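Enquirer: Place chains B, C and D with the ligands on chain A using the hints.
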Amino acid sequence: MSEAALKTPTEIQSGNLLDIQEIRAQFPILGEIVHGNTLAYLDNGASSQKPIAVTETLERYYATQHANVHRGVHELSDRATEAYESARKTACKFVNANRTEEIIFVRGTTEGLNLVAESYGRWKLQPGDEILVSEMEHHSNIVPWQLIAERTGSIVRMIPMNDNGEIIQEDYLNLLNDKTQIVAITYVANSLGTVNPIKEMVRMAHDAGAVVVVDAAQAAPHISIDVIDLDCDFLALSGHKMYAPTGIGILYGKGELLEAMPPYQGGGEMIRRVSFEGSTYADIPHRFEAGTPNIADAVGFGAACQFMWDIGIDEIATHEKELLDYVHECAERYEDIRIYGNAKHKAGVFAFTLDKVHAHDLGTVLDRQGVAIRVGHHCAMPVMKHFNVAATARASFAVYNTHDEIDRMFEAINFARELFG
Amino acid sequence: MSEAALKTPTEIQSGNLLDIQEIRAQFPILGEIVHGNTLAYLDNGASSQKPIAVTETLERYYATQHANVHRGVHELSDRATEAYESARKTACKFVNANRTEEIIFVRGTTEGLNLVAESYGRWKLQPGDEILVSEMEHHSNIVPWQLIAERTGSIVRMIPMNDNGEIIQEDYLNLLNDKTQIVAITYVANSLGTVNPIKEMVRMAHDAGAVVVVDAAQAAPHISIDVIDLDCDFLALSGHKMYAPTGIGILYGKGELLEAMPPYQGGGEMIRRVSFEGSTYADIPHRFEAGTPNIADAVGFGAACQFMWDIGIDEIATHEKELLDYVHECAERYEDIRIYGNAKHKAGVFAFTLDKVHAHDLGTVLDRQGVAIRVGHHCAMPVMKHFNVAATARASFAVYNTHDEIDRMFEAINFARELFG
Amino acid sequence: MMDDLKALYQEVIIDHSRNPRNFGALESANCSAEGVNPLCGDELTLQCWLDGNDVIQDVKFVGQGCAISIASASIMTEMLKGLTKSEAESLFEDFRARVTGLDEFRSADIGKLEVLSGVREFPTRVKCATLPWHTAIAAINRSEEQVTTE
Amino acid sequence: MMDDLKALYQEVIIDHSRNPRNFGALESANCSAEGVNPLCGDELTLQCWLDGNDVIQDVKFVGQGCAISIASASIMTEMLKGLTKSEAESLFEDFRARVTGLDEFRSADIGKLEVLSGVREFPTRVKCATLPWHTAIAAINRSEEQVTTE
Ligand SMILES: Cc1ncc(COP(=O)(O)O)c(C=O)c1O
Ligand SMILES: Cc1ncc(COP(=O)(O)O)c(C=O)c1O
Chain A
7 MSEAALKTPT
17 EIQSGNLLDI
27 QEIRAQFPIL
37 GEIVHGNTLA
47 YLDNGASSQK
57 PIAVTETLER
67 YYATQHANVH
77 RGVHELSDRA
87 TEAYESARKT
97 ACKFVNANRT
107 EEIIFVRGTT
117 EGLNLVAESY
127 GRWKLQPGDE
137 ILVSEMEHHS
147 NIVPWQLIAE
157 RTGSIVRMIP
167 MNDNGEIIQE
177 DYLNLLNDKT
187 QIVAITYVAN
197 SLGTVNPIKE
207 MVRMAHDAGA
217 VVVVDAAQAA
227 PHISIDVIDL
237 DCDFLALSGH
247 KMYAPTGIGI
257 LYGKGELLEA
267 MPPYQGGGEM
277 IRRVSFEGST
287 YADIPHRFEA
297 GTPNIADAVG
307 FGAACQFMWD
317 IGIDEIATHE
327 KELLDYVHEC
337 AERYEDIRIY
347 GNAKHKAGVF
357 AFTLDKVHAH
367 DLGTVLDRQG
377 VAIRVGHHCA
387 MPVMKHFNVA
397 ATARASFAVY
407 NTHDEIDRMF
417 EAINFARELF
427 G
Chain B
7 MSEAALKTPT
17 EIQSGNLLDI
27 QEIRAQFPIL
37 GEIVHGNTLA
47 YLDNGASSQK
57 PIAVTETLER
67 YYATQHANVH
77 RGVHELSDRA
87 TEAYESARKT
97 ACKFVNANRT
107 EEIIFVRGTT
117 EGLNLVAESY
127 GRWKLQPGDE
137 ILVSEMEHHS
147 NIVPWQLIAE
157 RTGSIVRMIP
167 MNDNGEIIQE
177 DYLNLLNDKT
187 QIVAITYVAN
197 SLGTVNPIKE
207 MVRMAHDAGA
217 VVVVDAAQAA
227 PHISIDVIDL
237 DCDFLALSGH
247 KMYAPTGIGI
257 LYGKGELLEA
267 MPPYQGGGEM
277 IRRVSFEGST
287 YADIPHRFEA
297 GTPNIADAVG
307 FGAACQFMWD
317 IGIDEIATHE
327 KELLDYVHEC
337 AERYEDIRIY
347 GNAKHKAGVF
357 AFTLDKVHAH
367 DLGTVLDRQG
377 VAIRVGHHCA
387 MPVMKHFNVA
397 ATARASFAVY
407 NTHDEIDRMF
417 EAINFARELF
427 G
Chain C
48 MMDDLKALYQ
58 EVIIDHSRNP
68 RNFGALESAN
78 CSAEGVNPLC
88 GDELTLQCWL
98 DGNDVIQDVK
108 FVGQGCAISI
118 ASASIMTEML
128 KGLTKSEAES
138 LFEDFRARVT
148 GLDEFRSADI
158 GKLEVLSGVR
168 EFPTRVKCAT
178 LPWHTAIAAI
188 NRSEEQVTTE
Chain D
48 MMDDLKALYQ
58 EVIIDHSRNP
68 RNFGALESAN
78 CSAEGVNPLC
88 GDELTLQCWL
98 DGNDVIQDVK
108 FVGQGCAISI
118 ASASIMTEML
128 KGLTKSEAES
138 LFEDFRARVT
148 GLDEFRSADI
158 GKLEVLSGVR
168 EFPTRVKCAT
178 LPWHTAIAAI
188 NRSEEQVTTE
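Line by line, the protein sequences give chains A, B, C and D.
Counting from 7, one number per residue, gives the positions in the first sequence under the working numbering.
Counting from 7, one number per residue, gives the positions in the second sequence under the working numbering.
Counting from 48, one number per residue, gives the positions in the third sequence under the working numbering.
Counting from 48, one number per residue, gives the positions in the fourth sequence under the working numbering.
No wet-lab data here; the hints were simulated from the structure.
Fair warning: this is a prediction, and the values are worked out from it, not measured in the lab.
Ideal Cβ positions, reconstructed from N, Cα and C, are used throughout, including at glycine.
Only pairs whose alpha carbons sit at most 25 angstroms apart, straight line, appear in this in silico DSS-like list of lysine-lysine:
1. B/130 with B/205
2. C/53 with A/362
3. B/391 with D/174
4. A/95 with D/174
5. A/362 with C/174
6. D/53 with B/362
7. D/128 with D/174
8. C/132 with C/159
9. A/130 with A/205
10. C/174 with A/391
11. C/174 with B/95
12. D/174 with B/362
Pulled a few chain C residues facing chain A out of the computed Cβ check, cut under 7 angstroms:
13. 52
14. 56
15. 88
16. 111
17. 113
18. 114
Sample of chain A residues with no beta-carbon within 10 angstroms of chain C, all distances over it, derived:
19. 69
20. 84
21. 158
22. 170
23. 181
24. 184
25. 205
26. 210
27. 212
28. 286
29. 315
30. 339
31. 351
32. 393
Excised from the complex, chain A in its bound form (with noise of 0.2 angstroms):
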C-alpha cells in the first residue's frame, strides 16, 4: 500500500482541514515496515508516537542547553532553568490552570496519583473515612487508593457502571457522604472510551465536602483540558500519550492543597534547609520535585504541547471523532463483533472481541498484517470482571490515524475470522 494510496476521499470529504499526510510526515517511525507491511499504529491509547518536533527538541536540550536546573549560577544551568521552568509553564496552560506553582512534574499519571494518594491521604484520612473510586478506573487509579486506604484505615468503595460503560450517577450520588474525602475518577476511560461528566461529578462531590482526583492520562491526548473549569482539586496525566517522551508528565493540584500537603519524596530540590536536627521544606511545586527532575523529557512534553496547539486539539479530536465513527460503522456490518462501551460520550477507543477468537490470538494475527492494537485486560481488569470477559480488543486513534489503516484492520479481522473458521 502506498504512502500516497493513504489519503482516501474520506479524509477528504471529511470536512476536516488537516492534511493528515503532512502530519504523518513528522512522525518517522509511522513508515516503518512490520512484517512486510507498512505500520499501523492503532496502540495510541497505550503510549503514542513521537513527532520530529519533540524529538529534535531532545536533541536541541542536550546540544545547547543541558546542566542540572536551579542550583548553578552559570550559563547553561540558567539555560536548563529557563528551558524547565518554561516547559512548566506550558503545561500550566496546557490544562489551564491559574499558577504555574500548581504543576508538578512527575514521571507520569501513574506516579501522580501516588503522589496525591500518599501526601494528601496520609494528610486527610482518618480511619472509617472513604474513597470513591469508579468502576471503569485504571489500575493506576485503584492501586495507590487500596495502599493508603491500608495504611490509614479508611475504605475503598466502587462507582458502578452500567453495560454500556457509564457511570451510575444516582449510584455516585447515593455513595457521596460526609465520610467521602475523596472521589478518584477517569476522565475517559483507557478501556472503554466513555468520557466522564466530570464538571458535575466535582460538583457534587465538592457539596459532599470530598476533594476530587481525575485521571486525565486518556483524556490529555484528545480533549482541551481546563482544570478551572472543572474545578477538579487534582489532576494526573502522561506526556507519553501525547506526543511527549516517556518519562514525563504532571500532576495538577490547587495551590492551597498543595501548599498545605507534607512532602512526598525527600531529597535536593525539594528543601528550604537540612539538619540533623530536622528539616523544613521548601514552596511549591519545588516541595513535590524532590532530586534533579526529568528536564530534557519535561522540555520535550512543552514541544508536545505546541505540537497539539498547532494542528490545534478541537481539530485532533474532530478528527479522531471520524475515525471512531468511522470504526463503529464498518463493525456494525459484523454480528460476531462484540463492542464494549457504549457510553453517549465517547473518545479515541474501540474496544471490542470477535467471537470464536480470542483476543490475544487476534492481536498476533492484526500483527502479522501490520496492524498494532492492543488486547488484554488494558489495566482494567474491574471493567474485564463486568464483561465477564478475560480479555478485549482495543484499537485507539491519534491524529496521524487514516480510514485507510481503519480498512486495513478489519481485512486483518477478516483474515482472522477465515484461520479460525
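Expert: Only chains B, C and D with the ligands this time, still in chain A's reference frame:
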C-alpha cells in the same frame, strides 16, 4: 582558544592513552560559546553532558522502536520491551549484580533512596530503631530517612566525619548496635570528593545486623561498581551524572530483600491481579515499577554504560585522577584558596573557597569566562555546617575535561581576585 | 507472513483450543497449581494425581486463555499421563528449547508437541505455550507459589 | 564580558559588601523578617522600627551572603530610613523593575540603588539583589512567613 590548542602537552605526557579530543568530539555541547568563550564545563558532579551515542540511541528508539512495554503482542511493543529489558541487563552488568530482577529503573538516585526508605523502612523499622547516616551525605540520602523515621518512630543518627572529610570509623563502629537497622552512606561525597571504604563499612554493619544503602550517584561516573564485592544491600545511582539522559537511574537491591518488600507506588505494570476486594502484586522488578516506565531514557542509560565501557571505566578514572592531581597542584600555589575535602581517597571533585570572594560571586566571574563550576551548599548543608561555611565553589570532572580547562579556571580565579582586590 | 500464521494456528491447535482434552476438575488429585499471565489475563488451574512412584496417573485443567495456551494445556495433559516427574520435567525442557528456538543442538523427539513449534516465530506468544507447563511442573513439585510468566 | 563584571562589581558594591552599613541587631525593633535563598544558602534577618505613622524610623540587618546581596541589603537600609511603608514598597517596585530590566517605560529615580543596576545583565543574580527587599517588605507588613526566593 582554539579547540586544537586544547590538546596540551600535559595530555600527551600523561601516559594515559585516551584521545581526549576524540572523546570531546562526541559531545556537541562542548563547542558552545558562552559569553564569548568556549565552554569549559566543570560542573559534572551536578550533571554530565551526553555523547552522541546516547542522544542517537534516543532518536533511534523513537524513530523505530517505540510503543508501551510488556503489554503488547505487536511488533513495536516487542521491540520496545526488548530494548528496555536489555537495558536492564546492561545495568545489571554495570553494577555487577547477580540477577537482572535486582535492577529497578527509577528516576534517579533520589527516587531510589526514597523507594528503599519507604518500602524497606516501613517493613522493618520499629519505634526506637536506629538509622545511621553519615555527616557528608547529600540531602537525598538524609531527608528520606528523616521522613520514614518520623513515620515509624525510629531515630536518625549522624556518623561524624573528621576535618579531612573522612568518616570517623571508630565513631561508626561505636554507633552500630543491635537497634541499628539501616546504614545509609555515600560511595563518593559530592561536596568533598571523599571515597568511602564501603566494603569494610558494609562488613561492620552486617556484623551488627544492619543493612547498608549506598548512594552511588557520584561513584557511578568514576568507579567501576561491584555490588557483589561490596556486598551492600541496596545501591542507587543517577544516569544523568554518568552520560545518560535525565530522568533515569537505577536502584539495585538484593533479590531476597526486594522480594520480601511491600510495593512502593501502585498502578499498572506492578500488579498481578486487581479487584475492589484487594489486589496482588507482581514479582520483582515489576512490583517496583508502577506505571509506564521511562522507556527511552532507560534505553539511553544502556547506551551510556556502553559508552563508558568503550572508553574503559579505569581509563576514565585515571584521566580524572590526573586532572584532580593537577588542580590540587595548581591550587597549592595560592594562599587564599582553601580546599574542602582532603581525604586520602578522593575522586572527581575539587571543592574550595577563595578568601575575600564569596563563592557565589566567584561562580559569576568564572561563568563570564565560560568556565562553569558549581557554587553553593551542594545539597549538603551538614557538610557546610561542619566547615562553618555558607557556600563553597566546586569543580568536578568528567572524561572530556582537559588540563587546559583547569588552567582557564585558575586564570578566571585570578581575575576575580583582582576584581575584589 | 500468512504462512507463519498458518503454521502457528494449525487445525490441530484450533481443534484443541475449541475442544480441550482433560478439561475439568480431577476428583482424585493430590497436587495442583495455578498459573497466571498477568499481562494478558490468561489463567489456568491444573490438578494432578501423582502415585507413590512419582508417576503422573492423571491430570486435568480448567482455565481461560488464548488458543495457544489452551491448546498447549490440552496437548500437554495428553502427553503427561504415564510419565514420571523427571520425565515430565525433561520433556518440558525439550519443548521449551523447541518453542524458544534454543534447540539447535537438541533434536529430542517431542512427539505431538511438535504442532506448537510454530510459536518460535512469535516471541511474544512463547509464554502462552509454556504457561501450562510451568504450572504443571509447579504442581508435581508441590510448590506453593502461584506461577506467573512475568 | 569583563565590562559587565566591572559594572556589576563596582567599587561601591565591593565596599558595601565588605563594610555593610546598619549591620547588627536593632534593640528598638518592632518588626522583623528572615529571608533565605535556599538554592545558594544566603540568609539574612532584618529588623525594623516602624512608628505609629508607618514611617521606618530605623532598620538593621544581619546575615551572610554574596557581595551582591550584602551590598544590596546595606544600601537598602540606608535608603529605607525615613520612608513610609508605601514609599518603601514603591521604591522596591522601581528597583525591581530596574534590575530585572522591566523598566523600559519607567524612569523612576532610584538614587543610590542605581549602582546595583548592573545585575540586570546577570539574571541568575537578580534574586541576590532582591532578597533583602523581599525581606524588608515582609517585615514592615508584619508577615509571619519566612521569605524565600525560590
Ligand atoms: C552524592 C549524591 N547523592 C544523591 C544525589 C541526587 O541525585 P539525583 O538528583 O539525580 O536524584 C546527588 C546529585 O545531586 C549526589 O551527588
Ligand atoms: C486511564 C489511564 N490511567 C492511568 C494510566 C497510567 O499512565 P502511566 O502508565 O503513563 O503512568 C493509563 C495508561 O496506561 C491510563 O490509560
